[in-house]
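For the sequence shown, full-length UniProt numbering assigns the number 693 to the last residue and increments by one with no breaks.
Because the hints were derived from the structure by calculation, they are not lab data.
By construction, the Cβ of each residue, glycine as well, lies at the ideal position given by its N, Cα and C atoms.
Warning: the hint list may mix true and false statements.
Just the calculated beta-carbon pair ranges, DEER-fashion [stated by the list, open to error]:
{"#": "1", "residue 1": "Thr407", "residue 2": "Gly328", "range": "47 to 55 Å"}
{"#": "2", "residue 1": "Pro303", "residue 2": "Arg558", "range": "38 to 46 Å"}
{"#": "3", "residue 1": "Gly439", "residue 2": "Arg302", "range": "46 to 54 Å"}
{"#": "4", "residue 1": "Lys349", "residue 2": "Ala233", "range": "51 to 59 Å"}
{"#": "5", "residue 1": "Arg207", "residue 2": "Asp608", "range": "23 to 31 Å"}
{"#": "6", "residue 1": "Arg302", "residue 2": "Glu176", "range": "46 to 54 Å"}
{"#": "7", "residue 1": "Pro303", "residue 2": "Asp255", "range": "49 to 57 Å"}
{"#": "8", "residue 1": "Lys440", "residue 2": "Ser72", "range": "29 to 37 Å"}
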Amino acid sequence: MASSSRAIVVGGGLAGLSAASAVLESGGSVLLLDKAAFCGGSSAKAAGGINAAGTQAQEHAGVQDTVDAFASDTLLGGAESAPFAEVLCGNAGSGIRWLRETFDVDLSVVSQLGGHSKPRTHRGKGKPPGMAVTSAMLSMVERISEKTGRAQIVTNAFATELLTDSAGACTGLAYEKDGAILREHGPVILATGGYGADFAPQSLLARHRPDLLHLPTTNGKGCTGDGIRLGEAAGARTVHLDRVQVHPTGFVKPDDPEAKVKFLASEVLRSVGGLLLDGNGDRFVNELGRHNHITGEMWKRRPPFTLVLNKAAADEAKEECKFYVGCGLMRGFETGEGLARHLGVPLSKLEAMHEAHYQASTKTESNPDEGPWPAFPSGRSWDEASGKPGAGKRFFRNAISGSAVRTEPFLAATVTPVVHYCAGGLEIGPDGGVVGSDGKAIPGLYAAGEVAGGVHGVNRLAGSSLLDCLVFGRVAGQSCTSYMLGDLTRQVSLKELSEGILPGEGAEASGPPLAALAGTAPPQRSGQTASVGASASTSAVRQQRSFTAAEVSRHKTRGDCWVILHGRVLDLSSFLSQHPGGELAILTFAGRDATAEFDMIHPPGVIDKYAPDAVVGVVSVAADEKGSGATHARQQSVPVSMPTRPARAQSAHLSTARAAWHAFLWHLERMDSCTWCILTLTVFAALVLIAGR
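All chains should be modelled from the sequences, with the hints used to inform the complete structure.
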């Protein structure tokens, strides 16, 4: 039993938030540190989902799945070297239920991603799963902090040293905050993430995978292996540091193709039927294969690589595609002819490729070789795009025939392999305890998430990163609390804590001061309300100013970055380096309206809560500047699969109504405000007349 009743969690991503929540739920108190200005980490950017088997969502979708099947896929993906597959997969279902029942997170949609034999990757119908889960957890911990004092969040805090006693047990942590070194005593849970953004000469990446230094990364700048170095200095053992996962699809932004940090092209885009083409316009791999298999095939092919979605696939991933189009990462083509011209290949080549894919999708497990199309005779795979027996595709979504390609709308994006995930890290046991150099657990030290190695083996399955954070965050939090409180550990309702109700007390009860729980007076709470713009005294004055969209559009550089959100103008110049999603996520929308894309990712009220002083005014449209304002907000109504002007020859084959509609959409993107209003009224009147016939 530890001498303190407060656990210290380092890192505010999903692993850290899960660990902190588990500590609170087990009757302990917690100090949560994050070196960034905001919690969320890499988890907040995750767009794939969370894997689990035997869930309520699967049952509703008619999916029959088992923990054993999930574990088997995990072991297969990890080359039989995933020692904690049973822990990971066995606790996945209860983790999903915990998120749904305790944090009210929607994870009702299931998809089949790469390396899985069943649809088991869960996400919601609204925001991306990473942001949905981390924001819900963070809100819970913040409410508990405000109502009971049992949780404390300190951001912009840099962990510098693990404290140990003469026996080697971890007794606390030293960290830097505002130039001062502070010490906190208690058991420590490291949840600091991986090292996929550290390309320095002496970095873990340079030491263990120098062959990857030339690649871009999807990791934010905080992924620098801090927790691993802290653990090593305290005598911890590391494992599998050379196992760095390269994701096959990072977006190449057309106006910044050499950017070192790239947006991830979510696995969801391939799960709904997206196809990968090489620089010759050839399809060459099973898009739902494991990451290492797909990237291995890409190395053998000529770039650039293109991810292509037909209309049905784009519609199924509508929210994701809308966001990516808004970011300028995906481009629409009215027909297959336009896509073929973009790729520089004959239309007949696209038609033949889609026909082969479509015919493969019609095979059945009981009769795999039916029909004239070649199929692997074992019945295990029927689409040998790579030419390798057994490497083909068995699961298809939204496949279209070759004859449909000519008139089919498409979305396409250039993609490239990117450093994405570190499977190596501190060695842990099944309880999340960090293993020391002597092979024994270090008392009082735990790790969860990407900082911990050995969980996934050689290759991590898509959708298992957030799961790892969720499962081992909970496991580490529970183990830490048991070590910390011993027999005093007890189950506590997080929802009741968030309302200020302590165990055994009524609704009016309030928690004891944190100092009384921890035995030491805590430093002043430094949560996530730090100013990012002007001071509070000037903010109210600045918010009264009005700017035209044209004025805002002039502020679009790294040193002078303004964005419009819900009619308000924000100066985010000083906030770029603090943004959890990285600078690129903001700079993409510099000088224009980002409301639609912002709302897809962020919960309501986030600006007022975390960055009120970034607001410098509101948008007004001056009469003499209507023609020069941004039209971005209106453009969001344009269907993502049809953003380009239809050619005259193509329009001749469309119905009159469809041709007029697409022409209208094309002109809508390019007209000034006055013309837009007039044309909108005209089109509305025409639609009324048509409806009345």
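Hints and how they fare:
no.: 1; hint: Thr407 - Gly328: 47 to 55 Å; result: violated, 26 Å
no.: 2; hint: Pro303 - Arg558: 38 to 46 Å; result: violated, 28 Å
no.: 3; hint: Gly439 - Arg302: 46 to 54 Å; result: holds, 48 Å
no.: 4; hint: Lys349 - Ala233: 51 to 59 Å; result: holds, 57 Å
no.: 5; hint: Arg207 - Asp608: 23 to 31 Å; result: violated, 44 Å
no.: 6; hint: Arg302 - Glu176: 46 to 54 Å; result: holds, 48 Å
no.: 7; hint: Pro303 - Asp255: 49 to 57 Å; result: violated, 18 Å
no.: 8; hint: Lys440 - Ser72: 29 to 37 Å; result: holds, 31 Å
Violated hints for the displayed structure, listed by number in ascending order: 1, 2, 5, 7.
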